[in-house]
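Chain order of the listed sequences is Z and E. When you line the first sequence up against the working numbering, it's residues 1 to 497, in that order. When you line the second sequence up against the working numbering, it's residues 1 to 443, in that order.
Hints were generated in silico from the structure; no laboratory data involved. Quick caveat, the model's predicted, so the values are computed rather than measured. Just so you know, not all the hints are guaranteed correct.
[What the hints assert, rightly or not] In silico contact screen, one side only, chain E against chain Z (beta carbon under 8 Å); selected entries:
#1 G259
#2 R262
#3 E266
#4 T272
#5 L274
#6 A318
[What the hints assert, rightly or not] Quick list of in silico lysine to any residue cross-link-like pairs, SDA-like style, CA-CA up to 20 Å:
#7 K370(Z) <-> E392(E)
#8 K250(E) <-> L376(Z)
#9 K291(E) <-> A384(Z)
#10 K250(E) <-> G392(Z)
#11 K414(E) <-> E392(E)
#12 K250(E) <-> R68(Z)
#13 K250(E) <-> S391(Z)
#14 K370(Z) <-> N270(E)
#15 K370(Z) <-> E266(E)
#16 K370(Z) <-> W263(E)
#17 K98(E) <-> V80(E)
#18 K98(E) <-> Q10(E)
#19 K127(Z) <-> L79(Z)
#20 K250(E) <-> S394(Z)
#21 K250(E) <-> S393(Z)
#22 K250(E) <-> K401(Z)
#23 K127(E) <-> S207(E)
#24 K370(Z) <-> Q10(E)
#25 K370(Z) <-> S207(E)
#26 K370(Z) <-> I380(Z)
#27 K401(Z) <-> E266(E)
#28 K98(E) <-> E59(E)
#29 K291(E) <-> I380(Z)
#30 K250(E) <-> R374(Z)
#31 K250(E) <-> A384(Z)
#32 K250(E) <-> E213(E)
#33 K127(Z) <-> L266(Z)
Heads up, the beta-carbon is just placed ideally off N, CA and C, and yes, glycines get one too.
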Amino acid sequence: MSPVAVDWRTSATLIGTVLKALTLPLAATAAVAAWYGEAVVPFLIPLVLTISAGFSLERFDRRDLGLRESYLMVALTWLAIALVGAIPFVLAGQGVLADPVNAMFESMSGVTTTGATVIDSFDAHGKSIHLWRSLLQWMGGLGILVLAVAVLSQISVGGAQLMETETQTQDLTKLTPRIEETARLLGMIYVGLTALMVLSWLALHAAGLAPNVTVYQAVAHAFTAVSTAGFSPQPASLGYFSPAVQWVTILFMFTGATNFVLLYFLLKGDPSRLRESDEFQFYLAIVLGAAGLTAVFLAGGGQFDRVEPLARHALFQVVSIVTTTGYATVDFNLWSAGAKHILFLGMFVGGMAGSTTCSIKTLRWLVVVKSLRRDLFTEIHPEAIRPVRLSGSSVDEETIKDIYAYVLLSLVIFALLTVFVVTDATRVAGGVGEFEAMGAAASTFLNIGPAFGAAGPYGSYLHFPDTTKLAMIVLMWVGRIEIIPVLVILTPAYWRS
Amino acid sequence: MRVIIVGAGQVGSSIAASLASDHDVVVIDTDPARVDELTYSHDVLPIEGDGTDLDTLEEAGVGGADMLIASTDSDETNIVTCGVSAIVGDPFTIARVKQPQYLRAWEQRRGAFDVDFMVCTDLLAAKSIVGVIGLATAQDVDMFADGLVQMTEFEIPAESPVAGQTVAEADRFDSLTFAAILRDDEVLVPTGETVIEADDDVVAIGSPESMREFSTAVAPQADEANDVVVVGGGEIGYQVARLLEESGYKPRLFERDEGRARWLAENLPNTTVLNGDATDQELLERESVGKADVLVSALDNDQKNLLSTLIAKRMGTARTVAVVNTGEFTELFEAVGVDVAVSPREATAEEITRFTRARRAENVAIIEGDCAEVIELEVDAESALVDRPIQESMAELPDGVVVGAITRGHSLIKPRGDTVIERGDHVVVFSDADALSEVTEKL
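Just chain E, with the same shape it has in the complex (with noise of 0.2 Å):
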């Protein structure tokens, strides 16, 4: 496949590096150094020229791409040049965004803008901030099945009433399927007989219902968290808010410029908007953010979200969650403290692999450290999965693959080895990432 990658920055470089490998693959950029840079770093092939010039694109040969994904910084460019890509070439177009604006645009007529698919990385990453907070112990969360499907990554703690039980025990709940155990690195599908050690991450795929109360089984002496405080008022700290404010929460948000605070106050109704910095320790005695249930740091500067989550932590807010910019600090904010770190651009980064799994994926989550992959599916007539029991088609896959959740219509179905999956239905399915090529290959 060719692959057109327009943006060398952050996302766009981590984009090509991934998919190197097994593509073709053409980055352009305005910026030289950058292109140099990428030039001895990857097997790609590096243009000089602004993705929104015709000339440019043609020269990357945008005639005969089969993808173009515009990932600079700026929303406006990546717009325009799925836009002019479009005029002279029929490639798929992915254009990430930060604002949400345009996404909410683009969701009313998919395909608008010439834009097949648009990432809104700020959203992407606030939802899955917002989906943690609502579980204790939750590492990561993806939704699947326009919602109704769950993933959750669980670590168990070791307090935890679950550690040491078998996975027979611990599964009481009618719609939820332990699809993995991630342990030091490595990967266990588990049976019944498997014992959930302390320190494990669990990987569970339900209803959101189930989640919730494997949540409370997990740390049943964890407290719901009411109290939210959100640091940094940019774009995923008002969108965090946003979200809870859906939820129901009535979060505190520390935003330290006095305009955007203020802009901040208006546009979030049911926010206590604080006009300060969130490591001046005096403030946060005093607005007791060590009582809050969890502490959100959201700034553009990763060191400070360090430092801010560390300070709360310190104080004795209950749970932390970090985002990580850089996207290598992940395991190291998690190893000093920080109960969960969130990386936009891994989130982006998962939107737009699911693109290059033949594009037969409808949705798909990375499983830390690239070690596994949650992906959904359609099951059409050619599937190994269609129209017999599940037990049947597991002895044609190979070992480290998990059917997860099945969706029929709007209805959730809890994958056992006799259920017959019928075409049209939807499977969860968790797979190793060995296993992977030969799993997409064959559903």
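Next comes chain Z alone, as it looks inside the complex (with noise of 0.2 Å):
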């Protein structure tokens, strides 16, 4: 055995091999630029950097990935990533976010599937940059769902808790006996469903309901819908479509944030499982309920005189952050303040597990919920032996305990950072609201977007302090890989043989 534990050889050759398969994306928007005449040096340096990054880290021996080399490579890869998205922006020199920090930012908050921006002002950025933001998006929704199956399902502890639950209840890694089959499985319907919504946008537009949709922004959109991430190039984001192009969106939201395995058995002519998933039921409900809730509240606001826009906007707006999405088609800044605690309330939901959706998710909070009732009964009767059941089967107790100290974990977070924020915030500038701090906190922590106040829907995060920007990348990182890896990674006993 080496006297160093941690075999970081091995996570290095693997980020290497990430990076190559960045030259991809960076390679296509260069095409892109081209095309519209932008500059294409921008995505070319970073593209070369990649090549002979990558080459040099696979370098090193290759050994098996074990349990610690999985945590540092997952914890690792989405940072490489971030920085590497980051240089474009730089190198474009547009408006904010020729700032390294803001570029940071914006690339850490894109490939996280965040959504939280920091423009100010959308047509200084070229077509290229802002294809590239949605990009790293769509890059980071599939990332998350493939590096999950393959990485995450073969090491036991923190992250993978989840993926094990999902394994007794979805069998999620028993699709096919081969991971990586799987992973590609779940890969394809990723693509199918991107190229489906494109279609369907340009189809919208054919047929006359969608006057201001081009392939352009039919790609850009389709690839942080699914990804359930939220980016647009557009300032007014949906709001700037049609009210047919919303509703189409809506049920991309939502089934982006839908479980993969779940869509891949209705793909194969099997509703069942949709029917028998209580995870499914949990999230659809949590979505209507909420959905009605703010209707209500929007009714008795009188801000929409007709039943169509009314049950639209809020249905869209509770979709979009449930499922972690973070478009808005209107600004709900102006909305009373039922309706907008409703969906304060709705960033720590999130979608289903096995989905590219972040934030706590309907999976944890249903456990949450089933075992909270279950200890009801056990009050009344001591002896009763009753296991907590996910469609049938039955959940492990340690699961059920990762599962609390998640979600303990995650609200301790959320609050550590709001006190940040606003202590930061005062100290730099004017201050900030506690509920806007808090919306930012917990928006930018469990990946969401936008947030409330001068963070909300059409505004940005460009006006807090730089220390507090970079509190909310680590953090972004950080909720996106489900904290434990970078948890794990940061105790010395990690490091120890």
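Reconstruct the complex from the two isolated chains, following the hints.
Following this line, the structure appears as structure tokens:
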């Protein structure tokens, strides 16, 4: 055994492979830039960099990926992609993104599918830069899914506990005997969904229901809707498009946050899995319940005088927040306090496990709800043994503990980040409201995107001090890889043999 | 008929005992003491050895045997024994298994593992327990003709409105026949004028619906059993809870072993599993077992089954069912206050007996204490019943025989004197033990 317990070389070679894979999207964006007559150099320089870095890192000895190496790899891969992603922003030198901290914020927000932006003026940036933002999110959405299946499912603690729960309920890793094959199938569903969304938008356009949809708009939004990420090249986000486009987009955001294994079975013509899934029903109930409640608040507030826009905007905003997408059709900053608070609570929900979504996820909440109900029962019947069941199969007690720990940890980190945002804003500028700070903290750490106040759906995170932005960069990263891998590699025991 | 019985445990010995008088019986067991014991108690040929061993089976004459019954305590041994016997001989093989998973596999393809018939002891016991739970005052329930016909033995309590009525008065149901009345060890074949007395056991044959109606007529004040408590989460207890769940019940199950309790809780989604001892009165009080409609005690130990049912009875449980592993205790249990005692061994013996009835009967139920049997037969061209009204054929049959039900295709026909039985019909016949051999021969 080597004196250092972590075989960082193996992790490094894997990161090298990932970096090499980044050349493809960089080259594609360079081609698009050339097509629109924009500068290609901002994409070519990182392309050369990633190729050379990739080859150099791959020269290290590669051994079997162990538990510790997986954590290091998961944590560092996301960081590496975010770093590379920021380079074109800086090199393009357009608007606020020329600043390295802003560029890194935008890039991290992109790859973690957060969708929080610092851009204050959308016109300042070329089409290729906007497309690069969308592409980063699309890669992030697919990446977490494939990474989760291929890497996290092979290790047994931390983030993988979630996968374990899923394998118990949804046979996630047993889709096919080989993990790579499963990852490939999920990838195909992802690509298929994206293509379907592009085609639906273009079909709406052809039918005259979507006047301002172009191929560029369709592709850029498909990249960020299916990945439940939320960047839009439009300052008004989805508010720029027709109601028909908004309805269709609701469907794709919802689908992107649905467990891909269920989608796989649905595609195979077996909808029973969807019907039998407790988590899917819970997810659907939360979305419809929250949208209904929001609609009631909106109706009370008298913001909409007709039913269709009321229903559409309530549903769109709720789906957008719960699925952690972060698109907007209206400035929900202007909504009543009740409606805004529902959206705020929605940030903590997230979509289904095994999807592209972020946040705490419905699976964990469902386990929490069910285990609380069980505890009430055993309070009266102390001898009763009552397993917590998800879709018929029982959840391991260890997993339940891990889920509680995860939820608690998320809430603690959120609370600490809120305190940091409030104090930091007070130190540098005129301060920030408590609700706005909470919204911004939840929205970045839970990878949602828009918050309230200045960081609202039609605003940006530009006004936050650099220190706050740096903290948010770190926490977007931590939130996306589900906290545990980062915490693990920060413990001294991890580095000891 | 030459019959080889492998395994001389409780089931094996009891089968050997019942077959020894009419057949050539060879018993194989690995335990020399058991082999010795059998030599002295029964007229059988005992062989010491392993039933899965080809040499041992050959020594037992498997080549010329008509039937091999593998009834050791190990499921795997029993299955392998049947497989090995099929290599050198062609006996009809019967394997006794405990675990229903083997039965499920075998039912997918009958004859698999070279087993011609498989009997799952614990499942049989569980099925008869669940059958009894559904019908107040029922002592025994058996299914015939794929569940179309049911034989039930009802005990008539003194306060029952049926007590004191004649059979003609009590018979208000479309598809139900009173096959027999068991009174003080005597079997009466009733006529319309026979008066049903309190404490009689009435054997009724008919559709499951008519059984439920009759059950209500016998004990109208008895509530429908909703709250069922099962004690003991062994294989029988588990199967009882599982079958109850299938019938829509939400039973409670007590299991002492924590690991097993956990397993049960995971595998029985609609059962509340309680990790505790069912003789712990405080626990029973807390879980208000006294308010339960039925308590089933399915522990491995007869004494504990007796104890837990008696405690429950004292606390006020309406009805108790106990599993009795030692067949002889059945009567004793019922005498001291257990409402129904179910013996898995008896259930197994019943299943195996149907193959010794010249393998003609489709199904057999043995009435308490071997005094009578209910058998299901398919009517063929040679039968005394074929193509004539029942009253005509009855004249040729001995006393103590009743045609209880007829099924044609998937419909049930209530037998009347003028009903003409056709070829291919299935008849469920009640027969006094004395008349049995003549009946099986003529029908």
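Supplied contact hint for T272(E), tested at 8 Å Cβ to chain Z: Result: holds, 6 Å to nearest chain Z Cβ.
Pair hint outcome, K370(Z) versus E266(E) [Cα-Cα no greater than 20 Å]: 15 Å, holds
Distance restraint between K370(Z) and E392(E), which requires alpha-carbon spacing of 20 Å or less: 67 Å, violated
K250(E) paired with K401(Z) [C-alpha distance capped at 20 Å]: 28 Å, violated
Hint consistency between K291(E) and A384(Z) [alpha-carbon to alpha-carbon, up to 20 Å]: 18 Å, holds
Pairwise hint evaluation, S393(Z) against K250(E), where the allowed Cα distance is 20 Å at most: 18 Å, holds
Distance restraint between K127(E) and S207(E), which requires alpha-carbon spacing of 20 Å or less: 17 Å, holds
Holds or violated: K250(E) to R68(Z), with C-alpha atoms at most 20 Å apart: 46 Å, violated
When the least beta-carbon distance from A318(E) to chain Z is tested against 8 Å, hint result: 21 Å, violated
Proposed proximity, L79(Z) with K127(Z) (alpha carbon, max 20 Å): Cα-Cα ~25 Å, so violated.
Proposed proximity, L376(Z) with K250(E) (alpha carbon, max 20 Å): 19 Å, holds
Proposed interface contact between E266(E) and chain Z, which counts if any beta carbon pair is under 8 Å: 4 Å, holds
Of the numbered hints stated above, those contradicted by the structure are hints 1, 6, 7, 12, 19, 22, 24, 25, 28, 32 and 33, listed in ascending order.
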